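Build out the structure end to end from the sequences listed, making use of the hints.
Number of protein chains: 2
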Amino acid sequence: MAERLCPRFEDAFELLGKRWTGMIIKVLLSGPKRFKDISDVIPNMSDRMLSERFKELETAGIIIRHVYPETPVRIEYELTDKGKDLEGSMNEVQKWAEKWCLDIPNS
Amino acid sequence: MAERLCPRFEDAFELLGKRWTGMIIKVLLSGPKRFKDISDVIPNMSDRMLSERFKELETAGIIIRHVYPETPVRIEYELTDKGKDLEGSMNEVQKWAEKWCLDIPNS
Chain R
1 MAERLCPRFE DAFELLGKRW TGMIIKVLLS GPKRFKDISD VIPNMSDRML
51 SERFKELETA GIIIRHVYPE TPVRIEYELT DKGKDLEGSM NEVQKWAEKW
101 CLDIPNS
Chain C
1 MAERLCPRFE DAFELLGKRW TGMIIKVLLS GPKRFKDISD VIPNMSDRML
51 SERFKELETA GIIIRHVYPE TPVRIEYELT DKGKDLEGSM NEVQKWAEKW
101 CLDIPNS
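Chains as they are written, first to last, in the UniProt record's numbering: chain R, 1 to 107; chain C, 1 to 107.
Same chains, same label: a pair holds when it works inside one copy or across any pair of copies.
Pairs of lysine-lysine residues, derived as BS3-like cross-links and limited to a Cα-Cα distance of at most 25 Å, are as follows: (1) K84 x K36; (2) K99 x K55; (3) K82 x K55; (4) K18 x K55; (5) K33 x K84; (6) K36 x K55; (7) K95 x K84; (8) K18 x K95; (9) K18 x K33; (10) K18 x K82; (11) K18 x K84; (12) K99 x K84; (13) K95 x K82.
Since the hints were derived computationally from the structure, they do not count as laboratory data.
Bear in mind that the values here come from a model prediction, so they are computed numbers and not experimental data.
Now the structure itself:
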């Protein structure tokens, strides 16, 4: 009766449920960005938090960090194919959250 | 540049990212169930954990608990409309997790 669930199904939700992660991925869906490009559009997030999230997303294979040896050095963050492939999931959950938003009791 | 995200977007992911929650909702998508119907198909989950998850999902307005005054009393859990509406999100995330499953490094 129980359908098989990929053992990483919950990991995926857990990763995406972390504060700012959805927003960071949303911003990167429009193309590679530098650190400041992202911190500028999410003003409530500290730089330290953004570094931490970048590391987690890199470890999960969702973003890749490019270092261009220019002067000054240019560093950009880009979604991998796996990361870009999250767009459908993000849109579905966002649609659901917007529809039922007012319905989630505060806790 | 940053698109508006429902403030509850991350809450939604966080809720669904909790251990067993996805599985419980999956099982309930096929119709109302009694406690034992669910604990039977998720043998690794303790009854205490299931009670806790039921409480969280009730508070979030995702399931409803029906008490039928029979002898012995019959209690069933059912997804609300809001809960049923999660099917699309669950399927998208599951599809993504299955496709990229082997690609998530263990941590």
